[in-house]
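K.L.:
Generate the whole structure from the sequences, applying the supplied hints.
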Amino acid sequence: MIKFRNTMGTVNMTNDYFAGLVNAAAQSCYGVAAMAPSSTADNIKSLVLGEHFQQKGVRVTSENGKLVIDLHIKVSYGLNIAAIVKSISHKVRYIVEDATGLSVARVNVAVDDIITD
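The sequence shown: position 74 = 95 (this note's numbering), numbered continuously.
Nothing false has been slipped in among the hints.
Label pairs and their computed distance ranges (CB to CB):
(1) N85 x D134: 30 to 38 angstroms
(2) E84 x D119: 17 to 25 angstroms
(3) K95 x A120: 23 to 31 angstroms
(4) G41 x A131: 16 to 24 angstroms
(5) S83 x M29: 17 to 25 angstroms
(6) S97 x F25: 35 to 43 angstroms
(7) V32 x L100: 36 to 44 angstroms
(8) H111 x D37: 17 to 25 angstroms
(9) T35 x R127: 15 to 23 angstroms
(10) M22 x D133: 23 to 31 angstroms
(11) G30 x A131: 33 to 41 angstroms
Since the hints were made in silico from the structure, they are not lab data. As the structure is a prediction and not an experimental result, all values here were calculated from the model. Positions of the beta carbon are idealized from the N, C-alpha and C atoms, including for glycine.
P.N.:
Here is the structure:
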């Protein structure tokens, strides 16, 4: 749960909201084939909940009042991985800051797999 205060009071946002927001932003970037499970827990959730659940490959934490976003992705073969990672990092930061008004300290992107079509 992410909490922040503004002039109107305290706002609480669930991790599911952030995971869905980040997941949608990342998957809309060119070259991202899929989200990759980031832990054993994600692998188990994939088996139980199906392949597509919001928190797959996404971890959002708070550090000194700013968000830290960790992503695990699979990319398409033959594309410039550095360009994909840079694009995802910028887009996710922009979308999260625009949608929530919170500052993003950093976006860490891990490329876990390369998929050939």
